[in-house]
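The listed protein sequences correspond, in order, to chains A and B. By the numbering used here, the letter at position 155 of the first sequence is numbered 155, and the numbering carries on one by one without gaps. Basically the numbering used here = 1-based index in the second sequence + 1000.
These are computed hints drawn from the structure, not numbers from a lab. All of these numbers come straight from a predicted model, not from anything done at the bench. Backbone N, C-alpha and C fix where the C-beta goes; we use that ideal spot for every residue, glycine too. Among these hints, one or two may not hold up.
To be verified - List time: in silico DSSO-like cross-link candidates among lysine-lysine, alpha-carbon distance up to 30 Å:
#, chain 1, residue 1, chain 2, residue 2
1, B, Lys1149, B, Lys1184
2, B, Lys1081, A, Lys112
3, A, Lys31, B, Lys1149
4, A, Lys112, A, Lys179
5, B, Lys1149, A, Lys85
6, A, Lys102, A, Lys179
7, A, Lys227, A, Lys183
8, A, Lys183, A, Lys105
9, B, Lys1149, A, Lys112
10, A, Lys183, A, Lys172
11, B, Lys1149, A, Lys172
12, B, Lys1149, A, Lys202
13, A, Lys172, A, Lys105
14, A, Lys54, A, Lys112
Claimed, not checked - Computed footprint of chain A on chain B, listed as stretches where at least three residues anywhere in the stretch have a Cβ under 8 Å from a Cβ of chain A:
#, segment
15, 1084-1094
16, 1127-1141
Said to hold, decoys possible - Chain A side only, calculated, beta carbon under 8 Å to chain B, not exhaustive:
#, residue
17, Met79
18, Gly113
19, Ile115
20, Ile118
21, Met168
22, Leu196
23, Glu198
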Amino acid sequence: MSNEDDEIILSELNDDDLVLQMMDDLYDGLKEEIAEAVGILLERGWQPYDVLTKALVAGMTVVGNDFRDGILFVPEVLMAAGAMKGGMAILKPLLIETDAPKMGKMVIGTVKGDIHDIGKNLVAMMMEGAGFEVVDLGINNAVDSYLEAAEREGADIIGMSALLTTTMPYMKVVIDTLKEQGKRDDYLVLIGGAPLNEEFGKAIGADAYCRDAAVAVQTAKDMIARKHNLRG
Amino acid sequence: MLQVPTDDAALTDEGLAPRGVGRVLLIACGALAREILDLTRRNGWNHLDLTCLPAILHNSPEKIPAAVEAALIKHQNDYAKIFVVYADCGTGGALQAVCDAHDVEMIAGPHCYAFFEGVEAFTRNAEDEFTAFYLTDFLVRQFDAFVWKPLGLDRYPELLSTYFGHYETLVYQAQTDDPELNAKARDCAQRLGLTYQRRFTGYGDLEPALAAQAG
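Generate the whole structure from the sequences, applying the supplied hints.
See below:
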C-alpha cells in the first residue's frame, strides 16, 4: 500500500499515525515493522488488548475484506497473517496477564487424512484476535482427538477444517459420535474449507459453515452471545 | 478434420474450441486435452468431439460448476449427447449437481489424480498417502503457472513451508514415458523440498470412461 516505508521512522509517528502505518504494514506483510510498532505502542502505555484490536485485528479486517472482494490473494493474506503472528507473539503472554475479555474456548484442527491447515491457521489466529482461547489440534485429527480435547479443555466450540472432497465427510463422523455419546449439545460445531458449503453443513448437522476466517469469528461471537442469553 | 491441442499456455487460459463435428461432445478440463485427443485418435472415435474449459480453473474449483453449466447450455442443442470429463475436482459435489440437473454423466472420482491412477486403487492408497502432492504430465509441464506463481512462491519463497510443510512426497503420475518430464518433475520436487516418486499410470480410468461414450 505504501511506497514510502523506507523514510518512515515508526517511533516518530503519533499514536493515530502509527496505527494507520501498522495497518499498512500488515497489509504489506511486514513482520518486523509490526513487531517494532507493537513494542512502541506498549512502551507508550497502550493496553495489550487495545494494540491487538485497534491495530492488528483492524488491519487484518481490511486484509480479509480485500481477500473476500478479490483484491488480495492467498499469498498476500498469508504474508499479512505472518506479520500479525509476529505481533501476536509479543501480545499473547501480556494478554494472559491482563484482564482482556475472554469470549470462549475453541478446539480446532483439520480432519483425519487432511494436512491442509492454512485456513485452519487463519481461523485460529483471528479467533485469538477476537478474544477466544484457541487450542490448536493441528492436522489429521481422528474423532477421539476432537472429543478428548474438547472435554479436557472445557471447550465451547469445536472447529473442523477440510480442503479435500475426500476428507470432508469425516466431519459427519465426528458430529455423529458426539450425538451417540449424548454430547452434541455441549459444543458449537463450526466447519470450514474450500469444497464445503452451507448445504453440506446443514446435511451433516454442524451449527454453521464458515466461508472464511472473518465469518468464523462473527459466527462464533453471535452464537456464544446467543448461548449466554439463553442461559439467562 | 483432426483436432490438435494448442499449446499448454492456451489450454491453461483459454481452453479448446470444439471441431463442431461428431455426435457426442466431451466437455473437459484443458489439462486433459492431449490425453483425450490421443485416445480418440488411437481408437478412431471420430464421433467424439472435444471442447475444453481453461485448465487454470483447477486452481479455483468453485468456478468449475458454473463454467461447465455454461458450456452445457451453449452446446446442448448441437450434439446427441454430452459427457463431462471432469471428476469432482474440489467442487464438493456441486459439479455432480449441475450434471444431474442437465441429465448428463461425468467421470467418477474425486479428481484427475484418482482416475489416472484408477479410482479404486487411489482410494485404497489414500489413507496412507495423504502427505503426497500429485502432479500429472500437464501439471509438470505447467508447474510454474499452476503451482509456483499462484501460490506466490516466486514473490514470497518464505511461504514454502506454510504450503508444503506437511507434505512429504511429490508423486509424479506419468501418463507418458518422457525422460524430460521425469527430469522436470524431479526438479519440481526439489523446489518444493519433497522426496520424489514417479509412478506410471498411463491414462487409467480415462480410457474406459471414454470408451463407454463411444458405444
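Structure versus earlier hints - violations, ascending order = Violated: hints 2, 11, 12, 14, 23.
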